[in-house]
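With chain A fixed as given, assemble chain B onto it according to the hints.
Sequence order for the protein chains is A and B.
Per our numbering, residue 1 is the first one in the first sequence, and the count goes up by one each step.
Per our numbering, residue 1 is the first one in the second sequence, and the count goes up by one each step.
It should be emphasised that the hints constitute simulated quantities derived from the structure, not laboratory data.
You can trust all of the hints, since none of them are fake.
If we take Cβ atoms under 10 Å as the criterion, some of the chain A residues that face chain B in the derived model are:
hint, residue
1, Tyr127
2, Asp128
3, Asn131
4, Lys161
5, Gly165
6, Leu171
7, Glu172
Straight-line alpha carbon distances no greater than 27 Å define the calculated DSS-like cross-link-like pairs of lysine-lysine that follow:
hint, chain 1, residue 1, chain 2, residue 2
8, B, Lys155, B, Lys62
9, B, Lys178, A, Lys123
10, B, Lys155, A, Lys123
Think of the CB as a built atom: it goes at the ideal place given N, C-alpha and C, for glycine as much as any other residue.
Number of protein chains: 2
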Amino acid sequence: MAFRGVRGLLFDISGVMYEGGSSGPVAVPGSVDAVRRVHEAGLPLRFCTNESQTTRVILATKLQGLGFDICSEDILSPAPAVCRILRERSLRPHLLVYPDALPEYHGIDLRDPNCVVIGDAAKYFTYDRLNEAFQLLLKLPQPLLFCLGKGKYYKETDGLKLDVGAFTCALEYACNIKAEVVGKPSPAFFTAAVQELQLEPCQVAMIGDDLVGDVGGAQNCGLLGILVRTGKFRPEDEHHPSVTPHTVVDDLSAAVSLILQE
Amino acid sequence: MAFRGVRGLLFDISGVMYEGGSSGPVAVPGSVDAVRRVHEAGLPLRFCTNESQTTRVILATKLQGLGFDICSEDILSPAPAVCRILRERSLRPHLLVYPDALPEYHGIDLRDPNCVVIGDAAKYFTYDRLNEAFQLLLKLPQPLLFCLGKGKYYKETDGLKLDVGAFTCALEYACNIKAEVVGKPSPAFFTAAVQELQLEPCQVAMIGDDLVGDVGGAQNCGLLGILVRTGKFRPEDEHHPSVTPHTVVDDLSAAVSLILQE
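Pulled out of the complex, with its shape left as it was, chain A reads as follows:
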């Protein structure tokens, strides 16, 4: 059984550990306990999210408030990954991101931008802001666009919402370019996560509610991919033409039970 060899875990956060409720976020039943059980079993665990609307510190605080044993250093998100890339390549970004996420870019030179970073700006995806990013890209001799994940949509209290991937496609089409994806499902992101765990890909299972971004992305890098039936999961996901999870379980708690062979 494939899961016997699992020595480390990656959990997606939104839709797996918590969901939006009418009066704020609510932990998915059993998920606080699931995180505790993984810690008690001594399995290394990281939280692998494409969240780009806020900082890791604020996100960790929110999750702690829901009862999770989690610290911000254990959260792997696209913002610090893109900051590494920007520094390595001496790039100065124009940021099309959610204002709450700006502290993640502290120390990054934003003057005279020579690339665009697009995150999940949600309601800040206005026509004017999109045009601003578009006009900058079209002015650059080598238009360079980094997207923080390439998610299609995510679930909010009032329904599914367009994610950064959709707006990335809009800019890609208008500028005739391909964005560099930072975050899930980019192989570099999963590879860095596996290295953090000091394991081999085949020893790591990714548990997520995004069939393509979480499960497919992890499987493409040699990890195991487990889909949960919470968050943005849709029944159609169990019959996808190109992505087949190693298994599909009801929720994070069931996934952890399977891994821990309880």
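Just chain B, lined up with the frame of chain A:
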């Protein structure tokens, strides 16, 4: 010489006949006279636009105000074309369009929508409106999206602006579908325009400022494609990897002189 056989003409409107000025639209120099010369020469002429922000009547009135001899019946635009399709296929659209264009959809049943029509909504491309269209598409058993043209961008007084094609790509990606393009560069649109002129495709020249949408689209249907260096034209357009116009001229007046062998 290819242009000797031309017996009818299609003119793009925006960027070819007029451009945005700081105090409103301004006719491209020589273009009012160019339209007059075509009429005097007795060549059938239609105005072939992807304009979807307004009605043909309002557009014709605006052009008449600039001095053009034009009537609304001679304007071929995507809105009436999509209305024909909606009626033929008994479809009820959700309209993601610019409010000024709504009169074009008079008589179309908008209740309980089973498809989405996306036009150039410009500033009405808000996050909420895009999500509304997205959520409807995702609820349909067979998501069906019609886009009124698939332009990448157009030129406004204050710079290039994202066109309907970019926002169509956003919805296509999020919903994992391909939109049906109504308008340029769809072959059905050019074919209908040629039929209106009662000519063969090889007898018709399309004159436009959009290399891919106007020139490439026309050429794909067997028409001649002439690019003008006004409107959204960019010098890079003269060295495009896949589209090569039959000729590139400075403006509409020069194109008409070429056709009329003046």
